[in-house]
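Each protein sequence line maps, in turn, to chains A, B and C. In this text, residue positions in the first sequence follow full-length UniProt numbering: the first is 1, and each later residue adds one. In this text, residue positions in the second sequence follow full-length UniProt numbering: the first is 1, and each later residue adds one. In this text, residue positions in the third sequence follow full-length UniProt numbering: the first is 1, and each later residue adds one.
Derived from the structure by calculation, the hints contain no laboratory data. Glycine included, C-beta positions come from ideal geometry on N, C-alpha and C. Hints may contain errors.
[What the hints assert, rightly or not] Pairwise CB distance ranges (calculated):
| hint | chain 1 | residue 1 | chain 2 | residue 2 | range |
| --- | --- | --- | --- | --- | --- |
| 1 | B | Trp-74 | A | Val-14 | 36 to 44 Å |
| 2 | A | Lys-115 | C | Leu-17 | 26 to 34 Å |
| 3 | B | Trp-74 | A | Asp-206 | 35 to 43 Å |
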Amino acid sequence: MNITYFLFFICIVVCTLIITYWAAKKSNTTSQFYTAAGSLTGTQNGLAIAGDYISAASFLGIIGAIALYGYDGFLYSIGFLVSYLIVLLLVAEPIHHLGKFSLGDVICARFPSTKMRWMMAVSSFIISILYLIPQLVAAGLLIRLLLDINYTASVLVIGSLMTIYVAFGGMLATSWVQIIKTIVLLGGVFLLSLIVFSRIQWNISDLIQRVEEGTVWGEKYFLAGQLFDSPIEIISLSLALILGTAGLPHILIRMYTVRDTTEVRRSILTATWIIGSFYFMTLIIGFGAVAFIGYQRLFDVDSTGNLAAPLLAQELGGDFLLAFISAIAFTTIVAVVAGLVISATTAFSHDIYHHIIKKGNSTEQEQLKAAQWTALAIGIIAVLFALGLENVNVTFLVSLTFTVAASSNFPVLLFTLYWKRFNETGAIAGMICGLITSLMLLLLGPHVMDPNVGWIKREAFHSLYNPGIFAIPAGFLSAIIGSFFAKPEPHDVFWRFYQKAHTGADAGRDEK
Amino acid sequence: MKDLTVVLFERLGLVLIFAFVLTRTPGFRSLLYREFNRKMIFVHAFVFGLFGIASTMMGIIIDGDTVVIPNLLWSVENDQVAVSSSLVAVVIAGLLGGPLVGLGAGMIAGIHLFFLGGIGWLANVFVNPLTGLLAGLTARFFSQERVISPMKALFIGVFPPILQMQLMLVFHPHADHMVAVVDQIGLPLVLSNSIAIAIFTAMIGIVLKEQENEAAMSTRRALTIAEEALPFLEKGYRKEMAIGISNLLYERLEIAAVSVTDGETILAHKGLGADHHLPGEEIVTTISQEALENKKTKVAYTREEIQCQHPNCPLEAAIIIPIGASDHAKGLIKFYYRKAQHIRPADLVLAEGLGKLISNQLQAIEAERLKAYMRDAELRNLQAQINPHFLFNTLHIIAALFRKEPERARHITVQLANYMRFNLGLVSNSLIELERECEHVRAYIEIIQARFAGRLQITFHQARGISQVYVPPSTIQPLVENSVQHGLKNVIHNGKIEVRIEKMEDSIRVTVTDNGSGFPEHILTNAGEKELTKGEKSTGLYNVNQRLIRLLGEKSRLHIKNLPAGGSEVSFSIPMVIQKEVEVS
Amino acid sequence: MEKLFHQYIKKKQRFVLVSVICIFLFYFSLPLSLIFFPQLMKNNKDFHIFFAWGYAFLQFFMTWFIGWVYTRKAKYWDELLERMKQEEKR
Chain A
1 MNITYFLFFI
11 CIVVCTLIIT
21 YWAAKKSNTT
31 SQFYTAAGSL
41 TGTQNGLAIA
51 GDYISAASFL
61 GIIGAIALYG
71 YDGFLYSIGF
81 LVSYLIVLLL
91 VAEPIHHLGK
101 FSLGDVICAR
111 FPSTKMRWMM
121 AVSSFIISIL
131 YLIPQLVAAG
141 LLIRLLLDIN
151 YTASVLVIGS
161 LMTIYVAFGG
171 MLATSWVQII
181 KTIVLLGGVF
191 LLSLIVFSRI
201 QWNISDLIQR
211 VEEGTVWGEK
221 YFLAGQLFDS
231 PIEIISLSLA
241 LILGTAGLPH
251 ILIRMYTVRD
261 TTEVRRSILT
271 ATWIIGSFYF
281 MTLIIGFGAV
291 AFIGYQRLFD
301 VDSTGNLAAP
311 LLAQELGGDF
321 LLAFISAIAF
331 TTIVAVVAGL
341 VISATTAFSH
351 DIYHHIIKKG
361 NSTEQEQLKA
371 AQWTALAIGI
381 IAVLFALGLE
391 NVNVTFLVSL
401 TFTVAASSNF
411 PVLLFTLYWK
421 RFNETGAIAG
431 MICGLITSLM
441 LLLLGPHVMD
451 PNVGWIKREA
461 FHSLYNPGIF
471 AIPAGFLSAI
481 IGSFFAKPEP
491 HDVFWRFYQK
501 AHTGADAGRD
511 EK
Chain B
1 MKDLTVVLFE
11 RLGLVLIFAF
21 VLTRTPGFRS
31 LLYREFNRKM
41 IFVHAFVFGL
51 FGIASTMMGI
61 IIDGDTVVIP
71 NLLWSVENDQ
81 VAVSSSLVAV
91 VIAGLLGGPL
101 VGLGAGMIAG
111 IHLFFLGGIG
121 WLANVFVNPL
131 TGLLAGLTAR
141 FFSQERVISP
151 MKALFIGVFP
161 PILQMQLMLV
171 FHPHADHMVA
181 VVDQIGLPLV
191 LSNSIAIAIF
201 TAMIGIVLKE
211 QENEAAMSTR
221 RALTIAEEAL
231 PFLEKGYRKE
241 MAIGISNLLY
251 ERLEIAAVSV
261 TDGETILAHK
271 GLGADHHLPG
281 EEIVTTISQE
291 ALENKKTKVA
301 YTREEIQCQH
311 PNCPLEAAII
321 IPIGASDHAK
331 GLIKFYYRKA
341 QHIRPADLVL
351 AEGLGKLISN
361 QLQAIEAERL
371 KAYMRDAELR
381 NLQAQINPHF
391 LFNTLHIIAA
401 LFRKEPERAR
411 HITVQLANYM
421 RFNLGLVSNS
431 LIELERECEH
441 VRAYIEIIQA
451 RFAGRLQITF
461 HQARGISQVY
471 VPPSTIQPLV
481 ENSVQHGLKN
491 VIHNGKIEVR
501 IEKMEDSIRV
511 TVTDNGSGFP
521 EHILTNAGEK
531 ELTKGEKSTG
541 LYNVNQRLIR
551 LLGEKSRLHI
561 KNLPAGGSEV
571 SFSIPMVIQK
581 EVEVS
Chain C
1 MEKLFHQYIK
11 KKQRFVLVSV
21 ICIFLFYFSL
31 PLSLIFFPQL
41 MKNNKDFHIF
51 FAWGYAFLQF
61 FMTWFIGWVY
71 TRKAKYWDEL
81 LERMKQEEKR
């Protein structure tokens, strides 16, 4: 791609960011942290949630997975979508009732203690970094495609730029960034799918035909099983996906940014519609990619499939469309990165620095400084990891994050909200065990340990790409067992908490 | 691609030049000023739609690999691509006028493109109305200002051409080289269109700014005129004032004629039509009556509304401004124009402003008058305070002397009569000649000497050559009274009071001294300042002091002091030349 | 009063529990059928495709549908809760 189009790419990114800046200014939101609780409508929040959720993984990764592996790629979409039901039915409203600022508030509403705060902050930290890594990978690959420089350099450049931006200037990750980005993204994807359809004269069977020709699997492309050799993998993945969203801190804290429970429900519902429509369109684009570019070429350019969407754009609309789609993808990445860094740093700077280290005695300035240092640290860590993961499809990486979240945060959250016998020991045990198990299984798994292309160049200890089926029950079990090692809570303490969590009413005290 | 960009810029430049020229014409400008209502939406959409068509006609054609630059793009072959920059006008329409205007303009431009044809026609037809609508919605969302800033317009303007390119790909995939076309014209279109949009927005912003400046200038003019009108207004609402005002307005504003009326007839008319819009004529026009009744500015746009009877009256339009001090209109000021189009929005603003200012000034003048009346009444009240005790005591003496010294009794009665007549005469004048006051004082002294014969000696010195000096009445007598009643209260014999009237450099000095007990300390500081309720001593001094200050000025205030040898001295000075205050009608 | 709250919560939880079980059953039907009926899936290509893709799209609609139903029910429960709170105040 020549320099003109690269400039065009930059121009679109800049335009989108400036427009979001104006939108943010107009609505008087504070630029540093998320919008003050209660200021978004349900629909707006839904757009923002969708924006937070549709990261590079959803966009580039899933399209690539579908293009290369057919049906199995679509399983990711399904899992991602249905998981919102779990959020809606099980955890959304209690979180809204119990907390104000971070996920730690919720758990500490029942188990107030410094240890708990630490635990929650650490887990948020880890999960955010894990979610961040695939974004950087995608960005690196994108720049590599656009500018033809090598991956390591791309990642370093992008990583440092983003870190600097977020740490020192634009803590401007307000909800408006997500909202505008979602609108632009949806628009772009919609148009791209329209272009795909028009290329096949709006004839679906023609598309199917072409897909079968273009793919290396032939007609097995439409069957399950090209990506996952065993059903165990599928179940493992499905489990992680459906439970993971309910353990992602940066999604769950969006339950705070609306006024009341009706709006909470409406936001989640809006988000599901948006995300669902989005996944429909990515299905079409995935098919289009394999139909018009063909498996081989896709694989050659990028074996992970991450670049399927931009390549399709280039095929269908030349460098012009490539620049546009890349710009959208890039903006998406920037927005999500900013959002993640914010959520991780607020967890740290507010919960740990302000409450624990400074015992509630720090100024805004100090908190800001702490947040900036944290952002820097996160950026560096994420970049380091991203450097080694050039050859992984970003959706896979994100699903690993989901595994971790489903093994650590989710069991603890679920038990806190619903189980009488749960106590602090159980929470800590569950959290630590879940984290360690999932992380260990990841590190020792074939994603990371691969003699040829892995980060650790050795044979993997186990062959499960998705270790969720072991990690998640481990998390649950350890939480259960841990609880029995300590005394149960007093009866009325639990009931009062339970009531507040599920009705929002605080018996005997003022309402939140 | 670079060449293409340059060419597009050049062609767009032509459109922009045309647009700029258009913004200088009053017709287009008034288009921008008008408030938005149903009708204006159509008009605006139409105008911008025409602009869109003009931009299309200034476009270029792509034929295979070659770029064809016609003088004006009238028609396109089926295998050629028309590159139209109509989006510029459509986006502007949306940004300025809202979604409906954008949609309308887009439809007009789109229909033209429909008939033009060529490859990509469907996309062009579709993208124009869509863009107009979206631009309108976005503008409302982002900016509260009347006109969006050029920078924002620039950034928003990047997206419509992108949309256009994508729609081309959607609707015409099988034009084999469509992808190449998009590659070719995409970037140049984005660049040229977005910058043109920004420039166009800036131009319109300038036009609207000028409107603001004009309004500011009008306001300043109105204020200057109002200031100059003040001397006329102070004369009261009469013919002189009307003539003065109409002359002033006619000179200052460039209008055909000015008329000033009161509630019923024309008071003055200057300018065109002065031959038949004569002073003294009654106001008959309905619109004037309405203005008078409702106290609202009215505008007559046609001869019929002016209802002038004269067949050759050159005046066709008028602004009618009611002027009033309180809530009813005292009269009208009318601005006449030759033609209705000559009335500019700035003139309306000016007229309203002037009307308000003049009304306010009339109100202020009335208020001043009212204050003066009230002050006058207060003064007269002060002056009419007569000491009843004095009356009783004197009558008592007269009764006592009646039998024994009837001559004396008669003398005193006469003096009393003089004294009282003088007091009665007080009500009608605020200042009297010093001579008369001296007579007053002498009459009083005689009476007192009769009462306190032997105990008291009062001497009266008056310098010669004092005439044409005016004082408030009853200013010296109370001072003497004060000395008698208070200073010499406890003195059995050898009480002396001296009244001296001396001529100083530029004033007359009046001094009353006594050899009594003097003023108590606390009175010295407050005497004459406050109306203390303890006894009438200070009341009298207060009264005199107030009237001296009010009618002669601060310099004439009373000076009170105790003499070192015992006794007190009260004095005041009268400025030499004093105009007698004119009676206020 | 507490009693009422608990009843309310129990009612709500029951609906949620039933829904979650349904969702899980439906959601895992594909992978589970791959495990338990491998022959069925491998041999009968058409059925496989039909099932797989029907399942996939149905998931979408299931999500939207259940979401919508829950929201409706939840509104009803909210009103119930409000009424209970008013009662308590008195």
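Results for each hint:
Taking the beta carbon of each, Trp-74(B) and Val-14(A) are about 39 Å apart, inside 36 to 44 Å as hinted. Taking the beta carbon of each, Lys-115(A) and Leu-17(C) are about 31 Å apart, inside 26 to 34 Å as hinted. Between Trp-74(B) and Asp-206(A) the C-beta distance comes to about 39 Å, which sits within the given range of 35 to 43 Å.
In summary, the structure agrees with every hint in the numbered list given earlier.
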